[in-house]
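Chemist: Can you make the complete structure from the sequences, with help from the hints?
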Amino acid sequence: MLIIRPLQDNDLEALYAMAQSAGKGLTTLPADRELLQRKIRHARDTFDQRCAPEAGLYLFALEDTELQRCVGISGIQARVGLDEVFYNYRLSVTVNASRELGVHVRTPTLHLSNDMTDTSEICSLLLSDSHRGGGNGLLLSRCRFMFLDQFRRHFSEKVFAEMRGVSDKEGRSPLWDALGRQFFDMDFTEADMLSGLGNKSFIAELMPKFPIYLPMLPDEARSVIGRVHDNTAPALKMLQAEGFNFNGMVDIFDGGPVVEAFVHNIRTVRESTDRIVMIRSIKPAVDQVDEQADRSEIMVCNGSFQNFRVTTVPANCVGIETISLSQPVASALGVEAGDRVRLAPLKDTGRNPTYSRRDADHAGRSSRG
Amino acid sequence: MLIIRPLQDNDLEALYAMAQSAGKGLTTLPADRELLQRKIRHARDTFDQRCAPEAGLYLFALEDTELQRCVGISGIQARVGLDEVFYNYRLSVTVNASRELGVHVRTPTLHLSNDMTDTSEICSLLLSDSHRGGGNGLLLSRCRFMFLDQFRRHFSEKVFAEMRGVSDKEGRSPLWDALGRQFFDMDFTEADMLSGLGNKSFIAELMPKFPIYLPMLPDEARSVIGRVHDNTAPALKMLQAEGFNFNGMVDIFDGGPVVEAFVHNIRTVRESTDRIVMIRSIKPAVDQVDEQADRSEIMVCNGSFQNFRVTTVPANCVGIETISLSQPVASALGVEAGDRVRLAPLKDTGRNPTYSRRDADHAGRSSRG
Amino acid sequence: MWLVRPAQPGDLKAILALAEGIGPRLSSTLPRKDEALAAKIEQSVRAFQNAGGTTGPDETLRFLFVLENTDTGDVRGVAGIDSSAGHGQPFYNYRKDALIHASHELGVSNRVDVLYPSHALTGHTLLCAFTIDPELKGSEAFELLSRARLMFIASHRPLFSDHTVVEIQGVQTENGEVPFWDSLGRHFFNMDFETADQHSGALSKTFIAELMPPNPIYVTLLTPEAQAALGQAHEKTRATYELLQREGFQAGAYLDIFDAGPVLEARTDSLKTIVSSLSGKLHGSPTDDGERCLISGGIQAQFRCTVTSMQEALTGDIKVPVKAWHCLGLDAGDSVRVSPC
Amino acid sequence: MWLVRPAQPGDLKAILALAEGIGPRLSSTLPRKDEALAAKIEQSVRAFQNAGGTTGPDETLRFLFVLENTDTGDVRGVAGIDSSAGHGQPFYNYRKDALIHASHELGVSNRVDVLYPSHALTGHTLLCAFTIDPELKGSEAFELLSRARLMFIASHRPLFSDHTVVEIQGVQTENGEVPFWDSLGRHFFNMDFETADQHSGALSKTFIAELMPPNPIYVTLLTPEAQAALGQAHEKTRATYELLQREGFQAGAYLDIFDAGPVLEARTDSLKTIVSSLSGKLHGSPTDDGERCLISGGIQAQFRCTVTSMQEALTGDIKVPVKAWHCLGLDAGDSVRVSPC
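Protein chains in written order, with the UniProt record's numbering: chain H, 1 to 369; chain S, 1 to 369; chain G, 1 to 341; chain R, 1 to 341.
Among the hints, a few may not be true.
One-sided and incomplete, this derived list gives chain R residues near chain G with beta-carbon spacing under 10 Å [said to hold, decoys possible]:
#1 G21
#2 Q49
#3 N50
#4 E105
#5 Y116
Here are the simulated SDA-like pairs of lysine to any residue, each with C-alpha atoms no more than 20 Å apart in a straight line [unchecked claim]:
#6 H:K209 - S:R106
#7 H:K209 - S:S92
#8 S:K209 - H:L214
#9 R:K96 - G:H163
#10 R:K96 - G:V108
#11 S:K209 - R:L106
#12 G:K272 - G:T287
#13 S:K209 - H:L138
#14 S:K237 - S:R267
#15 R:K33 - S:R267
#16 S:K209 - H:V93
#17 H:K209 - G:E135
#18 S:K209 - R:L221
#19 H:K209 - R:E235
#20 H:K209 - G:L106
#21 S:K209 - R:K96
#22 S:K209 - H:K158
#23 H:K158 - S:H264
#24 S:K209 - R:R111
#25 H:K158 - S:E260
#26 R:K96 - G:A253
#27 H:K209 - S:L214
#28 H:K209 - G:P214
Chain S regions said to be covered by chain R (calculated; three or more residues, Cβ under 8 Å) [to be verified]:
#29 92-100
#30 179-193
#31 200-208
Hint data in this document are derived by calculation from the structure and do not stem from the laboratory.
Glycine included, C-beta positions come from ideal geometry on N, C-alpha and C.
Modeler: As structure tokens, then:
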């Protein structure tokens with residue numbers, strides 16, 4: 001069984017191995033044992049409520065219960081920019097027009113911004129190569145939204161994710177070469193690493209503070225602003241399906257997009273419903289449900305802060321008021337018969353028993369003109 | 001009967017009378033016959049497709065068919081900032097922090113922005129005093145969203161409204177006095193009028209271009225940024241209920257908020273459905289529908305661009321696939337039996353026959369922790 | 001002889017021909033259309049009329065002088081003075097300044113050059129519109145035309161500001177490309193350099209307020225060609241530049257917003273012509289020998305300036321050949337001002 | 001006699017006592033903690049040692065001088081020179097400049113004053129840390145302490161920059177309020193003026209880069225009190241200010257970022273002490289009569305400067321009373337430099 005649970009101290013080696021194989025590009029989780037240890041400690045302090053929930057770092061592990069090993073990780077930082085200054089560029093437009101001359105020019109412009117300060121960030125998604133596919137990435141990503149939904153008061157109304165921007169195989173970023181390097185006099189990877197280590201005062205010291213007019217940058221640099229690295233395209237697609245939008249904020253180094261969503265608009269949150277747990281001893285008969293629904297999986301989570309758990313069950317376990325779980329699954333989730341659990345579909349299968357009524361409203365929608 | 005239709009040339013006098021009684025504060029429709037005539041002509045060119053739909057000004061009249069007179073107006077400008085430069089301040093935050101000294105300061109900052117350029121604006125809502133109440137304001141406002149929904153391709157994905165900011169009875173704006181006046185050396189009403197007349201190059205010439213750090217402004221000025229005039233509070237509330245949010249953009253003169261929404265998130269749009277017209281000759285029996293639904297009203301619109309019409313009918317006219325309209329209503333809408341019309345509830349009555357299924361999903365939501 | 005005198009409506013054709021014979025760059029202060037130029041001459045005529053009045057330093061006077069060959073009557077050059085740069089509107093420049101971006105922790109210290117939009121030279125007296133027949137470049141007539149303006153300033157000092165500035169044409173390639181414009185201005189003005197330059201001469205400067213990017217510009221983001229052009233004078237301007245340097249003009253932090261050419265600055269009262277000029281009474285000299293010098297006389301519309309040889313200048317008596325008297329339209333005993341070449 | 005000489009570790013207590021006796025403002029260049037001050041003296045000792053070496057203008061030397069009463073051995077004043085302001089980090093100032101906001105159509109033209117963050121004075125030589133027993137203000141000793149630094153610069157000119165600047169304390173009310181700080185800096189630094197000022201003296205300037213608002217500031221949005229304080233010197237600094245003006249220092253466009261006090265600027269080679277100073281050989285004078293002048297001798301750590309009367313200075317011979325020789329630690333025939341008081 002695969003189950004989501006809070007990260008633990010003994011996950012360090014598994015985490016280190018994953019960080020190592022991820023290589024560059026994941027600046028929030030560099031392959032640095034001491035730093036990872038610090039992150040785990042912060043996460044433990046958060047779940048054990050030794051730090052304010054609003055200042056917490058929520059790291060979730062995907063555990064393979066057979067292997068008894070963490071095979072993936074994902075996280076939420078409750079607030080960014082609390083101890084350090086959090087920078088983005090905001091892609092804005094400057095319009096200059098002269099009616100007298102009939103000239104009207106729009107100049108895309110980057111403004112240095114701290115506007116994401118105090119916002120919750122979803123971050124640090126890593127999945128072991130051995131466990132790619134089968135919706136495990138989705139589970140790791142979307143379990144966070146179930147947590148966000150359950151404990152909204154600890155998070156900001158809006159959450160965001162920074163997506164890795166465009167760079168080549170050698171780690172060269174076109175935007176960095178055209179802009180950052182002019183001011184920092186170092187390689188992108190070095191700057192990115194320094195920034196990832198939380199050492200951000202050099203940004204305040206070296207960063208250009210005045211707006212950057214994009215037409216002054218070479219085409220190659222301009223074209224990557226707001227674009228993601230090819231490796232990150234699937235993650236972006238997943239977040240977009242979840243309701244995240246690009247709203248003009250980009251990374252100051254590589255121009256990667258920030259995508260954001262209001263918690264109440266996130267699909268997982270919108271589609272979540274409650275059910276009462278029933279424990280069953282036998283598998284449901286196949287003919288109880290239609291074939292299509294049979295294949296889809298449902299995420300189920302308990303309502304615990306300290307011992308938060310999520311796993312998936314087949315959709316045909318879900319009834320109108322109840323959900324029937326096997327005893328091992330119920331134990332893994334730490335719930336008993338009669339407890340309330342929360343569920344959401346794992347994949348966007350178009351239709352599943354829990355949600356069919358909602359979709360019906362749209363069935364009559366015809367295209368007109 | 002009250003019906004929404006495109007504004008016509010002969011509405012000028014009614015419009016002038018409404019503009020006069022509205023007084024200051026409605027800068028897009030000043031009581032100036034020539035200017036109003038120009039607006040009507042622009043609207044006529046738009047509906048008659050003599051100008052590009054994307055550059056159009058869509059002005060709708062609320063006609064009292066008994067009085068044969070326009071008793072209200074509302075509008076959509078398909079794109080702002082096309083011929084002139086459209087300015088806002090963006091309320092942003094500047095964070096300065098020194099870890100060494102343990103100082104972390106957030107400074108709210110106004111940045112001059114042209115970011116609403118090319119966005120659709122809903123504007124110009126005016127209702128004759130004689131017709132206030134009874135949902136007429138709602139109809140005038142929300143009919144625009146039905147139009148937006150039907151002709152989305154002519155509008156931007158996001159639409160916005162500028163809300164009137166705080167000023168006192170004499171028309172003094174605290175933000176203007178603290179900021180604008182320092183640079184423009186004129187009264188708020190004069191600047192507002194100049195701007196309303198479309199003469200905006202003086203803004204480019206006189207406006208401060210560098211960011212304004214709010215702590216440098218007096219409390220009185222700071223406190224009105226993003227706040228609406230008391231008279232505008234109901235309109236703001238209506239738009240918020242419709243799904244519009246304040247996202248940091250404010251008016252450069254009085255600090256009034258800009259509220260914005262993606263078209264697909266607007267409640268009227270989300271709640272709209274299609275029905276086939278049936279013409280009935282007798283009223284439906286009261287016992288056909290439950291009492292609560294009976295009281296609620298439904299907006300119905302046709303699908304015509306040039307002859308767009310909206311009116312309201314009782315909710316009990318709505319069936320599962322059809323809507324039954326009396327012949328006068330069908331005629332007013334310009335539809336016949338078998339035509340498809342679009343409907344949306346006029347008020348947020350919590351529940352109505354058309355939408356009850358959607359709400360059901362949320363019924364099981366319990367509060368947990 | 002060569003004579004510098006106020007421009008007259010009758011000089012229109014000759015000035016137009018001159019302006020057409022030269023490159024495009026002049027246009028920013030000298031229009032090339034009949035009507036606009038006629039208006040400019042008319043403005044100058046009014047300025048010379050008003051120059052004796054109660055005009056305060058707030059009102060801009062825009063003087064236009066021509067260089068005439070008195071033997072042939074040909075007009076071979078033109079030059080101007082604006083008493084107050086910007087004439088009531090902002091006078092736009094970039095001010096080049098440096099910020100130091102240093103990180104103590106990283107041990108890095110970078111010098112970051114920035115161009116700030118500036119109006120600091122607004123209201124300074126501006127020498128402008130200098131245009132001369134290329135054949136005369138570097139000649140005595142060339143010097144006369146340029147410096148006659150300073151003789152005029154010396155004789156009408158209260159009309160002018162304490163600082164005087166001159167814009168020098170910046171770098172332009174042989175095929176007409178202006179690297180600074182191509183790297184910066186073109187993106188915002190959406191027109192070619194020549195068009196912008198023409199507008200700058202012909203219209204109100206409102207279009208600059210409307211179209212110029214309001215924020216400072218990082219030099220490092222300009223193209224290398226544009227960076228190289230900052231503060232560089234066009235090679236054709238060498239003679240002018242050197243003459244102005246001898247006068248005491250120096251390039252400072254200010255650059256032209258269109259081509260990044262240098263703006264030369266000087267304290268008006270320190271200019272060599274003004275410091276070295278002497279007033280005296282006109283007397284005849286029997287010979288053509290003597291030191292060459294500029295000599296001017298007459299006020300306002302009667303102002304004339306020429307080059308002559310001068311024999312002595314002791315005791316306030318200035319002895320020059322009588323033909324110079326005629327050229328200046330003066331007689332013995334009239335007040336004149338001289339300055340050595 | 002009064003003597004100015006390099007500060008020594010043994011001067012620590014005396015300097016500390018001086019700094020404590022004066023207002024808080026000094027601290028920005030003179031720390032008031034034992035340890036920090038000891039480090040600063042140590043830094044100065046090294047600077048005097050290195051002053052003869054191959055040090056280029058890139059390396060900062062931070063000299064500290066004391067004013068000693070040779071009769072009592074008391075130290076009654078201290079003054080410093082930083083060879084390069086900012087010493088490798090930015091030297092922060094505001095540069096006051098004006099933009100013209102004009103609308104042609106409305107016929108409006110407004111002058112908008114703007115404060116730009118500037119590092120333009122980074123690397124200029126900075127006179128700093130001037131502190132003197134209040135009893136001596138305006139006396140000959142006062143002039144000696146201030147100008148001795150210029151005598152040192154004259155004798156060690158290659159170590160210093162072409163421009164020299166001095167920061168003058170700005171307006172502060174009797175109850176310690178600094179109007180400019182209260183209107184601007186306080187909002188961003190979130191500390192009172194004195195704390196910021198102390199940090200500025202004691203730490204690296206990283207905190208300024210981190211906390212100072214990066215964008216230009218509109219003067220019109222400052223409080224009226226802060227606007228009135230722009231470029232105004234604290235009344236207590238009058239004697240210093242006047243002395244520096246006599247030297248040729250002028251207030252320009254630069255202001256202190258904390259209190260908006262003026263930054264005085266001068267071309268190093270134009271400073272009166274440097275221009276007027278003469279080198280010569282030391283000779284005895286039989287009398288105490290003669291013109292009062294500063295006299296200095298010795299290089300690097302041996303540098304000494306005092307005030308004496310001088311009888312003649314013809315033919316390069318400088319005749320001063322023998323007690324001045326002793327004070328300078330020199331003998332007949334040694335090279336000295338004099339400059340009239």
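Chemist: Hints numbered earlier in the text: which of these fail when held up against the supplied structure?
Modeler: Hints 1, 2, 3, 10, 12, 13, 15, 17, 19 and 22 contradicted; others consistent.
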